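Asks: If you want the building blocks of each chain, they are given just below.
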Amino acid sequence: MRRPGQPTRARASRRSPGSARLRSRPWHPARGRGRLPADTLRRVKRRRLGSSRALASGIVASVLVAFLGARAAPPDVASGESAGLPPIVDRAPLAPPGTSLRRIQDEGVLRWGVDPAGGAPFAMPDPSDPRRLVGFEIELVERLCEHLGVRSEPVPADWLALIDNMKAGRTDLALNGIEASAERARVVDFTAPYYRYGEQLTVRAADRERYRSLDDLRGRRISVLNGSAAVEVLQRAGFRESEIVQYDDSLAPYVELANGRVDGSLAESIIAGYYAASMPELYSIPRTFAPGEYAGAVRKGEHELLAALDAALARMKADGELGRIYQRWGIWSAEQEQLGIVRGPDAEKVALASAASTSGLAWGPVLRELAVATGATVLLTAIAMPLAIVAGLGLALMDRSRRSALAWPARLYIQGVRGTPLLVQIFLVYYTLPVLGKTIGFGDALVWPAFAVGILCLAGNYAAYEAEIHRAGLEAVPKGQREAALALGMTSRQSLRLIELPQSFRIILPPILNDLVAMIKDTSLVYVIGVRELTAVALGLGKARLIVPQMLVVAAVFYLVVSVLADALGRRLEARLRRRGTPSVPLEPGHPHSGALPAQ
Amino acid sequence: MSQPTRASTDPQHELLLEVEGLRKRWPDGRLVLDGIDLTVSRADVVVILGPNGSGKSTLLRCLNGLEDYQEGRLRLRGVEVSRGHPAGHVATRSEQAALVALRQRVGMVFQQLHLFPHLDALHNVMLGPLHVQRRTRAAAREVAVAALRKVGLEAEAGQLPGELSGGQQQRVAIARALAMSPEILLFDEPTSALDPLLVREVFKVIRRLVYEDAMTMLLITHDLDFARDVADRILWMDAGRIVVSGTPEEVFRSAHPLVKRFLEP
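Respectively, the protein sequence lines represent chains A and B. Counting with our numbering, you get residues 98 to 697 for the letters of the first sequence. Counting with our numbering, you get residues 2 to 266 for the letters of the second sequence.
Please keep in mind that the hints were generated in silico from the structure rather than gathered at the bench. Just so we're clear, the structure is a prediction, and the values are computed from it rather than from any experiment. Treat the hints with care, since some could be wrong.
Pairs of lysine to any residue, SDA-like flavour, derived with a Cα cap of 20 Å [stated by the list, open to error]: (1) B/LYS261 - B/LYS205; (2) B/LYS151 - B/LEU161; (3) B/LYS205 - B/ASP233; (4) A/LYS397 - A/THR196; (5) A/LYS576 - B/SER58; (6) A/LYS576 - B/PRO28; (7) B/LYS261 - B/ASP226; (8) A/LYS397 - A/ASP407; (9) A/LYS576 - B/LYS151; (10) A/LYS576 - B/GLN97; (11) B/LYS261 - B/GLU251; (12) A/LYS535 - A/LEU553; (13) A/LYS576 - A/LEU553; (14) B/LYS261 - B/ALA228; (15) A/LYS576 - B/GLN112; (16) A/LYS446 - A/LYS397; (17) A/LYS397 - A/LEU553; (18) A/LYS576 - A/ALA653; (19) A/LYS576 - B/GLN113; (20) B/LYS205 - B/ASP239; (21) A/LYS576 - B/LEU100; (22) A/LYS576 - B/PRO118; (23) A/LYS576 - B/ASP239; (24) A/LYS576 - B/ARG62; (25) B/LYS151 - B/ASP226; (26) B/LYS261 - B/VAL244; (27) A/LYS576 - B/ASP233; (28) A/LYS576 - B/ALA228; (29) A/LYS446 - A/TRP429; (30) B/LYS151 - B/ASP214; (31) A/LYS576 - B/VAL244; (32) A/LYS576 - B/GLY163; (33) B/LYS151 - B/GLU213; (34) B/LYS151 - B/GLN71; (35) A/LYS446 - A/ASP407; (36) A/LYS446 - A/LEU525.
Facing chain A, from chain B, some residues (calculated, C-beta under 10 Å) [to be verified]: (37) ARG62; (38) LEU103; (39) SER166; (40) ALA174.
Quick reminder that beta carbons are idealized off the backbone N, C-alpha and C, glycines included.
Please work from the sequences and hints to get the whole structure.
Replies: Have a look at this one:
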């Protein structure tokens, strides 16, 4: 069967153990060339396809990039709703433009998009309590919300989805290292900038005398975060493509530098300050260059919301509150004063030491988190697979229909779905469903939460495969069975329900159970749209503690256990159907079920 | 064999089934039934003989609507129940409903048994009364048990078809048809797929239906002795036509070359 995620999963598992920031740093200036999708494509193109601008490849690649962007624990504690199941379902209210501030104040909560996989110091799961998010941006928005008199509710999503989620109404603000650019300002409205960064060059400490600037590194290989601003900086400085070595996450460029595969590494000062600084064999040259600014993004036309946010931000800048946050997170620099940010009173730095190792790791809460996430995985499968089987049957019956108006669309659907990767389908549905809803006049009715979209995609994808299985099963039932049923005076429908389907079901049970086990594992793909299932939570926990491989092994074991259990249950069902004894036919006329399952 | 108290000696001899000018072509244009005219009265036992490919089975399948046909019509107790339509005709909803109604009155037993393998004997037989006639479960069970008793398989009610011998399976199939209380029963070579040792028990059951229940039936067989035994009338078919028709004595004495060739040792 299809395994759309396999290559990427393999990649993920090969990552270096210490990468707390597995995913590329979002939206660097270099990517700020226009609308979001174009950003995405450009970014991907540069990484994967060299100079090729093939749209299709770009889409697939962007999906892969996004897939590599790991999800992590959403901050349900921050929203005060941590009871019971994890908040795998986000909400989607969207009022007429310009009224968001009022609604936010009425509801007393500001939902804002952030990618917890972005990592420290931006936003990441708290190593000591993965259900909580920590980071300077988390703190910043919490303070902003205090000024607005509302609660902060971070809505976790892949970084690539932040703007789309916000435009679809799933959130009202996107704030996560988003570079304010004129191009992007055509799509969204930006708040005043809240942080000014520069590019910072890092070299091996042993080379600090030899390489003092970019010029000294001419002709050498330099590692960067893929698609980041650093790429364009290097290109402008005359470095060739082959000399710009791009990596998928923030840590890898420094690891490779330390290993000696490259001679320098260029990244935003925040990243260099956090990751390069943790490696004593590296040295970051203090002078930064090619500055840029981060700002929050809101939907176009939300003037009141924008004004309120800017007013609060201005106050925080002026009274040292913002400066103090930066000092605490170790990212204060004199450049911030150019944004009007006043240095706050000295504050104790945030200690994230526990993130660095498994020692002292509290396995209790970790396993509990994984167990809850496994529940989400099982729930996804338990809902999506029956839907897929039923929908597949519908498709198979349409496909068999002599009426071409039924058969043709079914055929098209089956071929279309089987001919495209599940991963692409998930992204496509997640991003286009809200647009579709508005286009066809449903308003926000189709702004479905990620969990529902995940079920829809899994069920819709598997339905195409189940349809083929149903078709084969129905064809395997001897034609005489139908004739005998018709000869008894049954209608065509009765024959199908009472005679053909029960027999077909026995035939197709093994392949369906096989797909059930396959789906358990394919549910991992919906983590790309922010569903907190097993893979997402494992990666999130792993990255928060820099123990990704360990977490992946644990997740693999959980998957294995669930799969083996499902397999065992399936075998029992098969054996029961094979066993002689009470027949499995409904004994009351007009019973809605086909009688495919034993009554007892 | 003597036929002492055949119910077919019924003086009223009520006309049950009338076939009029039935003509059928396969989709490829081959003519398979070339103008069949036939009447069957109540309690008649009509045996159809003839070489393979002469259209015997197709005729039977036309009679209960499993096959469509292009010309002619079919009447049951004087009321038209189906008629020929030009090739390519798609049955309307009401035509389909008429076919379903027809099949409920005309039982069929197949050469290839066609029991429902996922249901035990009782439920195979119950299915029709329960889901087609919409009887209550208790009533359907009662009918089914009676039908199984008729074919001598009451004790095997709980067996799945796979656990029964071929002869027993065919008897269950007969019971399944009987349970619908059909006005006429069609047998399409009911013993051809069976081990010769098992043929007798099936014939015994059919014979009992003829002699005890005065069942009206059309029966295709290659067994001349059995035909002679039960038939009131024998139709000899060849190339889609009835070439000889009459009492067993008349047919077996017929000078028709096809019949003679067939009867020669």
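Asks: Does each hint hold? Answer for all of them.
Replies: Now the hints, each set against the structure:
With a CA separation close to 28 Å, the supplied pair B/LYS261 and B/LYS205 exceeds the 20 Å bound. Note on B/LYS151 and B/LEU161: the hinted pairing holds, with a Cα-Cα distance of about 19 Å set against a maximum of 20 Å. With a CA separation close to 17 Å, the supplied pair B/LYS205 and B/ASP233 stays within the 20 Å bound. A C-alpha spacing of about 12 Å is found between A/LYS397 and A/THR196, which places the hinted pair at or below 20 Å, so the restraint holds.
Straight-line distance between C-alpha atoms of A/LYS576 and B/SER58 comes to about 16 Å, which keeps the hinted pair within the 20 Å bound. Pair hint A/LYS576 plus B/PRO28 holds up; C-alpha atoms about 19 Å apart against a cutoff of 20 Å. With a CA separation close to 16 Å, the supplied pair B/LYS261 and B/ASP226 stays within the 20 Å bound. Among the hinted pairs, A/LYS397 with A/ASP407 is consistent with the structure: their alpha-carbon atoms are about 15 Å apart, no more than 20 Å.
With a C-alpha separation of about 28 Å, the suggested pairing of A/LYS576 with B/LYS151 is violated against the 20 Å cut-off. Taking the CA atoms of A/LYS576 and B/GLN97, the gap is near 19 Å; set against the 20 Å cutoff, the hint holds. For the proposed pair B/LYS261 and B/GLU251, the alpha carbon gap of about 12 Å is at most 20 Å, so the pair holds. For the suggested pair A/LYS535 and A/LEU553, the alpha carbons sit about 19 Å apart, so the restraint of at most 20 Å is met.
The straight-line distance between the Cα atoms of A/LYS576 and A/LEU553 is roughly 34 Å, outside the 20 Å bound, and the hint therefore fails. Among the hinted pairs, B/LYS261 with B/ALA228 is consistent with the structure: their alpha-carbon atoms are about 16 Å apart, no more than 20 Å. Restraint check for A/LYS576 and B/GLN112: the C-alpha separation of about 13 Å stays at or below 20 Å, so the hint holds. Restraint check for A/LYS446 and A/LYS397: the C-alpha separation of about 37 Å exceeds 20 Å, so the hint is violated.
For the given pair, A/LYS397 sits about 30 Å from A/LEU553 by alpha-carbon distance, which is inconsistent with the 20 Å threshold. Note on A/LYS576 and A/ALA653: the hinted pairing is violated, with a Cα-Cα distance of about 45 Å set against a maximum of 20 Å. The suggested pairing of A/LYS576 with B/GLN113 holds, with an alpha-carbon distance near 11 Å, which does not exceed 20 Å. Between B/LYS205 and B/ASP239 the CA atoms are separated by roughly 28 Å; this puts the pair beyond 20 Å, and the hint is violated.
Simply put, A/LYS576 and B/LEU100 have alpha-carbon atoms about 18 Å apart, close enough for the 20 Å limit, and the pair holds. A C-alpha spacing of about 13 Å is found between A/LYS576 and B/PRO118, which places the hinted pair at or below 20 Å, so the restraint holds. For the proposed pair A/LYS576 and B/ASP239, the alpha carbon gap of about 27 Å is over 20 Å, so the pair is violated. Between A/LYS576 and B/ARG62 the alpha-carbon distance is near 14 Å, which keeps this suggested pair within the 20 Å criterion.
Our distance criterion of 20 Å between C-alpha atoms is broken by B/LYS151 and B/ASP226, whose separation comes to about 23 Å. The hinted pair formed by B/LYS261 and B/VAL244 meets the criterion: a straight-line CA distance of about 12 Å does not exceed 20 Å. A threshold of 20 Å between alpha carbons decides the hint, and for A/LYS576 with B/ASP233 the separation of about 33 Å lies outside it, so the pair is violated. For the suggested pair A/LYS576 and B/ALA228, the alpha carbons sit about 29 Å apart, so the restraint of at most 20 Å is broken.
Straight-line distance between C-alpha atoms of A/LYS446 and A/TRP429 comes to about 11 Å, which keeps the hinted pair within the 20 Å bound. Between B/LYS151 and B/ASP214 the alpha-carbon distance is near 10 Å, which keeps this suggested pair within the 20 Å criterion. For the suggested pair A/LYS576 and B/VAL244, the alpha carbons sit about 32 Å apart, so the restraint of at most 20 Å is broken. Proposed proximity of A/LYS576 and B/GLY163 is supported: the alpha carbons are some 18 Å apart, at most 20 Å.
Annotation: proposed proximity of B/LYS151 to B/GLU213 holds, straight-line Cα distance about 10 Å (limit 20 Å). A distance of roughly 38 Å separates the Cα atoms of B/LYS151 and B/GLN71; the hinted pair therefore is violated under the 20 Å criterion. Note on A/LYS446 and A/ASP407: the hinted pairing is violated, with a Cα-Cα distance of about 27 Å set against a maximum of 20 Å. Between A/LYS446 and A/LEU525 the CA atoms are separated by roughly 42 Å; this puts the pair beyond 20 Å, and the hint is violated.
Because the closest C-beta pair between B/ARG62 and chain A is about 8 Å apart, less than 10 Å, the hint holds. A least Cβ separation of about 8 Å between B/LEU103 and chain A falls short of the 10 Å threshold, and the interface hint therefore holds. For B/SER166, the shortest C-beta to C-beta distance to chain A is roughly 16 Å, which exceeds 10 Å, and the interface hint is violated. Here the hint on B/ALA174 is kept, as its CB sits about 8 Å from the closest CB of chain A, short of 10 Å.
When the structure is compared with the earlier hints, violations turn up for hints 1, 9, 13, 16, 17, 18, 20, 23, 25, 27, 28, 31, 34, 35, 36, 39 and for no others.
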